[in-house]
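Trainee: Here are the chains, one letter per residue:
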Amino acid sequence: MIGALLLRDMRLATRAGGSAALALAFFAAVATLVPLGVGADLRLLMRIASGVLWVAAVLAALLSLDRLFQADFEDGSLDVIALAPLSLETVAATKIAAHWLTTGLPLTLLSPLLGVMFGLPPRAIAVLTLSLAIGTPAVSALGAIGAGLTMSIRRGGLILPLLVLPLLAPAVIFGAGAVQAALDGLSSGALLFLAAFAVATTLLSPFAAGAAVRLNLAG
Amino acid sequence: MFAFANPKRFMDASSAFLPWLVVATVLTLGAGVVLGFLAPPDYQQGDTVKLMFLHVPAAWSAMMVYGLLALTSLFSLVWRHPLSDVAAKAAAPLGAMFTVLGLITGALWGRPMWGAYWVWDARLTSFLLLLFIYLGYIALWSAVEDEVRAARAAAILALLGAVNLPVIEFSVDWWNTLHQGESIARAGGPRISAVFLWPLALSALGYTLLFFTLWTVRIRTEILERRARSILLGGAA
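Residue numbers (the numbering used here), protein chains in the order written: chain A, 400 to 618; chain B, 316 to 552.
Calculated from the structure, these hints are not laboratory results. Owing to the predicted nature of the structure, the values given are computational and were not obtained by experimental measurement. Ideal Cβ positions, reconstructed from N, Cα and C, are used throughout, including at glycine. Hints should not be assumed to be uniformly reliable.
To be verified - Taking CB as the label site, the calculated pair distances span: (1) A:Leu585 with B:Trp435: 11 to 21 Å; (2) A:Ala481 with B:Gly430: 50 to 60 Å; (3) B:Trp433 with A:Leu557: 50 to 60 Å; (4) B:Val463 with A:Pro521: 34 to 44 Å; (5) A:Ala532 with B:Arg464: 28 to 38 Å; (6) A:Leu432 with B:Arg426: 49 to 59 Å; (7) A:Gly436 with B:Leu333: 49 to 59 Å; (8) B:Tyr432 with A:Leu557: 25 to 35 Å; (9) B:Pro355 with A:Leu435: 52 to 62 Å; (10) A:Leu432 with B:Asn321: 54 to 64 Å.
Unchecked claim - Take a look, some chain B residues computed to stay more than 10 Å from chain A by CB distance: (11) Asp327; (12) Ala354; (13) Met378; (14) Thr420; (15) Gly425; (16) Val510; (17) Leu529; (18) Thr531; (19) Arg533; (20) Glu540.
The following block holds chain A by itself, in its conformation from the complex:
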């Protein structure tokens, strides 16, 4: 049943009108606008690449998060899902997994290309890709809590970033910090901290998101 829900959510995200391709395009478009704003100096771009790409990835992932529960809530399918013998925590975890597979993972896979365009050396590109692979699940997981909290608000998409972005500061700091350390040839524990943050948030978020969905379904 978990598999069916996962497949359903992934199909919805990848087929016509889905959010997966749009998030990728948004990611690439934001990354393209930055050099237009700051200039084409590759040395400068190389320094800011990790921060720009991490922020762009977080924003791109947030773009589709507000509809995570809301779309199903509005058309009634969330009520049906809630009737299924799955706890809402499991539903939340499944939806987080589906969101990551259709958003976080593609963003991670696209990032080496953008890394090359920002003039990052191969080692830094490897660290950037690894950091996004480790860190984007935390974005989906924390975002899901925000999505659950705002699902009954009509313009929830406007509030969601304000709720979630401050909480995502550690992911951006450690993710971009790991790449900076790699650029400077330093060893740093950033990836380990990032992994700890991602594991903790991914494990705990389904409970908070499930509680948020439950309170919005009740009454």
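The hints should help you fit chain B onto chain A, whose structure is shown.
Mentor: Chain B in isolation, oriented as in the chain A frame:
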């Protein structure tokens, strides 16, 4: 705590102690400010040291208020304590105000001492993030129309923030020490002496009392507002 779950009992008790709270606030905050003005200039910071008596208690109150916000949120989630909802809602704008006050007084102090209104110091950055967490909390409260639902959603968010704040604090500290630890010349004066300690302590107590005064007033206002609304709705039916 549970005795005050009944709003009526809270209204009675608070109307009795509120005047005393106001008097105590005025006295301590007044004494703190006056003593602060009379304090001699610091040998390094000059007269700007006097900003400390406004700045440090504001920052301290902002953190205390978040602690109380998380505590009341826990009460409202776990025990469905009805007054806790009201208390949490009433505390958030006050906490945001103290955060803003801390940031502004800090910026005014930073310009003469550090040469810039804003530096990306770990302390400043995590405080700015705290402000955003407060703003998100207030926005969530005002966006959800149903009062009970809004209270529970906001309580989940407040607890999430409380769990996350130490992590954010740690990560920002880590980020700062990695990048610019040496570039920030913190004016490390001598360990604080008694002429500064007394006004600071009084001022801190004054801020705390000010918060509790305003908090009580805001809770009372919210309760009265809800009563008025239910009377109006009753009249319409």
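Trainee: Hints first: check each against the structure and report whether it holds.
Mentor: Quick rundown of the hints versus the structure:
| no. | hint | result |
| --- | --- | --- |
| 1 | A:Leu585 with B:Trp435: 11 to 21 Å | holds (20 Å) |
| 2 | A:Ala481 with B:Gly430: 50 to 60 Å | holds (57 Å) |
| 3 | B:Trp433 with A:Leu557: 50 to 60 Å | violated (26 Å) |
| 4 | B:Val463 with A:Pro521: 34 to 44 Å | violated (55 Å) |
| 5 | A:Ala532 with B:Arg464: 28 to 38 Å | holds (36 Å) |
| 6 | A:Leu432 with B:Arg426: 49 to 59 Å | violated (33 Å) |
| 7 | A:Gly436 with B:Leu333: 49 to 59 Å | holds (54 Å) |
| 8 | B:Tyr432 with A:Leu557: 25 to 35 Å | holds (29 Å) |
| 9 | B:Pro355 with A:Leu435: 52 to 62 Å | holds (55 Å) |
| 10 | A:Leu432 with B:Asn321: 54 to 64 Å | holds (57 Å) |
| 11 | Asp327 | holds (31 Å) |
| 12 | Ala354 | holds (36 Å) |
| 13 | Met378 | holds (15 Å) |
| 14 | Thr420 | holds (22 Å) |
| 15 | Gly425 | holds (21 Å) |
| 16 | Val510 | holds (38 Å) |
| 17 | Leu529 | holds (24 Å) |
| 18 | Thr531 | holds (28 Å) |
| 19 | Arg533 | holds (22 Å) |
| 20 | Glu540 | holds (22 Å) |
Consistency note: the structure conflicts with the earlier hints numbered 3, 4 and 6.
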